[in-house]
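K.L.:
Model the placement of chain A on the given structure of chain S, informed by the hints.
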Amino acid sequence: MLEVRDLHVKFNNRDREAVGGISFRIGAGEILGLVGESGSGKTVTAMSIAGLLPRKQCSYSGDILLDGQDLLHADRSLLRKLHGREIGVVFQEPMSAMNPLMRIGEQVGEVLRIHTDLSKAERKEKVLRAMTSVELHDPEHLYDCYPHELSGGMLQRVMIAAAIVIEPSLLLLDEPTTALDVTIQAQILELLKKLNSELGISMLFISHNLNVVRKLCARVAVMQRGLLVETGETDQVFYHPQHPYTRQLIDAIPTRERRVR
Amino acid sequence: MSTALQYTLKRLGLLLVTMLLVSFLTFLAFELVSGDPARTMLGTEATPQQLTALRHELGLDRPFLLRYLSWLAGFFSGNLGTSYSYRQPVWGLIAGKLELTLWLSLMSFVLIAVISIPLGIFSYRFTGGFANWPRTALNQLCMAVPPFFTGILFSWCFGIVLRVFTPGDFPGLREDFAASLRHLFFGAICLSIPRIAMTVRMLRSTVISEMNKAYVRTAISRGNDRRTVLTRHVLKNSMVSVVTFLGQTLAELVGAGIVVEQVLGIPGLGRFLVTSISHRDYPVVQTIVVILGFWVVLAGTAADLVNQAIDPRLRLSTAELGGAGS
Numbered sequence: 001m002l003e004v005r006d007l008h009v010k011f012n013n014r015d016r017e018a019v020g021g022i023s024f025r026i027g028a029g030e031i032l033g034l035v036g037e038s039g040s041g042k043t044v045t046a047m048s049i050a051g052l053l054p055r056k057q058c059s060y061s062g063d064i065l066l067d068g069q070d071l072l073h074a075d076r077s078l079l080r081k082l083h084g085r086e087i088g089v090v091f092q093e094p095m096s097a098m099n100p101l102m103r104i105g106e107q108v109g110e111v112l113r114i115h116t117d118l119s120k121a122e123r124k125e126k127v128l129r130a131m132t133s134v135e136l137h138d139p140e141h142l143y144d145c146y147p148h149e150l151s152g153g154m155l156q157r158v159m160i161a162a163a164i165v166i167e168p169s170l171l172l173l174d175e176p177t178t179a180l181d182v183t184i185q186a187q188i189l190e191l192l193k194k195l196n197s198e199l200g201i202s203m204l205f206i207s208h209n210l211n212v213v214r215k216l217c218a219r220v221a222v223m224q225r226g227l228l229v230e231t232g233e234t235d236q237v238f239y240h241p242q243h244p245y246t247r248q249l250i251d252a253i254p255t256r257e258r259r260v261r
Numbered sequence: 262m263s264t265a266l267q268y269t270l271k272r273l274g275l276l277l278v279t280m281l282l283v284s285f286l287t288f289l290a291f292e293l294v295s296g297d298p299a300r301t302m303l304g305t306e307a308t309p310q311q312l313t314a315l316r317h318e319l320g321l322d323r324p325f326l327l328r329y330l331s332w333l334a335g336f337f338s339g340n341l342g343t344s345y346s347y348r349q350p351v352w353g354l355i356a357g358k359l360e361l362t363l364w365l366s367l368m369s370f371v372l373i374a375v376i377s378i379p380l381g382i383f384s385y386r387f388t389g390g391f392a393n394w395p396r397t398a399l400n401q402l403c404m405a406v407p408p409f410f411t412g413i414l415f416s417w418c419f420g421i422v423l424r425v426f427t428p429g430d431f432p433g434l435r436e437d438f439a440a441s442l443r444h445l446f447f448g449a450i451c452l453s454i455p456r457i458a459m460t461v462r463m464l465r466s467t468v469i470s471e472m473n474k475a476y477v478r479t480a481i482s483r484g485n486d487r488r489t490v491l492t493r494h495v496l497k498n499s500m501v502s503v504v505t506f507l508g509q510t511l512a513e514l515v516g517a518g519i520v521v522e523q524v525l526g527i528p529g530l531g532r533f534l535v536t537s538i539s540h541r542d543y544p545v546v547q548t549i550v551v552i553l554g555f556w557v558v559l560a561g562t563a564a565d566l567v568n569q570a571i572d573p574r575l576r577l578s579t580a581e582l583g584g585a586g587s
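Residue numbers (the working numbering), protein chains in the order written: chain S, 1 to 261; chain A, 262 to 587.
Quick caveat, the hints were computed from the structure, so don't treat them as lab data. Don't take every hint at face value.
To be verified - In silico DSS-like pairs for lysine-lysine, Cα to Cα no more than 27 Å straight-line:
no.	chain 1	residue 1	chain 2	residue 2
1	A	497	S	81
2	S	126	S	194
3	A	474	A	497
4	S	56	S	126
5	S	194	S	215
6	S	215	S	193
7	S	120	A	497
8	S	124	A	358
9	S	126	A	497
10	S	81	S	56
11	S	81	A	474
12	S	124	S	194
13	S	126	S	81
14	S	120	S	81
15	S	56	S	10
16	S	10	A	474
17	S	124	S	10
18	A	474	S	56
19	S	193	S	124
20	S	124	S	81
Okay, chain S solo, but in the shape it has when bound (with noise of 0.2 Å):
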């Protein structure tokens, strides 16, 4: 479903490439996780998957293919048709990536006002429906509400409601619940589980924490420096990782012993 091979991006200002020739997959209706410190390219990756590129100031080259179609060198207006409606991004902070004056019910409504005809009494329900699904209470009364009226937790739900109320094919997920306090990242990442085996949309999780990944992927790709180091089962990698940088990762991972020592 969604191809990438031999990703290259370099960014104008910088001498080295932020992504140096990837190439990986995600079938339908699967969760990849993609794993690595900041700097690895993770989110560049994300971005070039996303159309969310500034394609001026930098260089990019490989294919992008999802469905057989090429994303990194699509046009705007076809990129256009595509964000949103065959992509869907959640982002980082919640806080920061809505718009702080417009009312919650709107933009999660937003990707229905643009890539469907629904009246505007249709898309409240859909939008009614899909925070829902992602398990807010009194979804009427959100609606209306403004971002700075919810916490952080309440907004990523909403974000991830924004992202699915049209069930795209294929949804990124950029470090969706770093900025979250542990319950409440352990509770979003339930429902991201959920959402994928009731809507069959294939994911790609992008975190730091090789922990939080190995609670929702069964496949994981291991990035430093620009590059994939270790791509396999989830549970592959985490019992016998292969290469150096991966076992550094799972060292890195709080256990008990250590917590007590």
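P.N.:
Same frame as chain S, but now just chain A:
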């Protein structure tokens, strides 16, 4: 409901404090500078007896604080006093002039708001390339031109050469409304040119900085095109600082009008203020100063209310009334 009440009370309190402060400071300023209204009124030939008598009649021989308090008492009971130089009630002298100044200020303000907002957006949309430097140069030029200069230029060009209006001969709103407005319109243009340039520049830079915010990326990721990103998301977010700026502009306009009133011969408040100050006509000056203070607070309140309508987060902060602003 109670927040609205609290807000109103807060604003009224601010208004009261501002006006008290401003009137007291004016009183104090006149106490400190030299000059004697009695002498100005009677001329240099007056005998000391005459001067003392007049001072007593005007109440100028009383102590400073007592004079201020009695003025204050008069003000709140609706008696603005009598002009020293004209021997007429202050309000009757001021009302007509205030009307002209308000017309001038409001016309300039409408010009500024109506022209600069679309122009600011236009100026944002056509950014970069070789269009950049002429735009910046024009903007700088408009900002740098002082209203009195444009006033003189307009007097010559539209007044003397084209005879659209007669500089120095203001028809009067009651006598010839259309001609008066035409006359005021040129004053309003002089006043608004530099402020339009400032507002355009400010709106443009605000839009540019808003465009780099994270919510814009979200908007793009949902399939918004450049135009809808601007109209549906960025513009509203940019308006708060523009409205604040326009509020300050509205407050300044009345004061800034003084020079333009002089140059174009508009018998407004500003001109009257200047002559009253030189005649040491305290009651008139006091009243005008309090009106100006009132105007400044009013403009600030208006900007505040508009901003609250735009940004719900500002509504929240009025609910936390009295709390330290964060």
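K.L.:
Can you name, in rising order, the numbers of the hints this structure does not satisfy?
P.N.:
Of the numbered hints given earlier, those the structure breaks are 4, 8, 17, listed in rising order.
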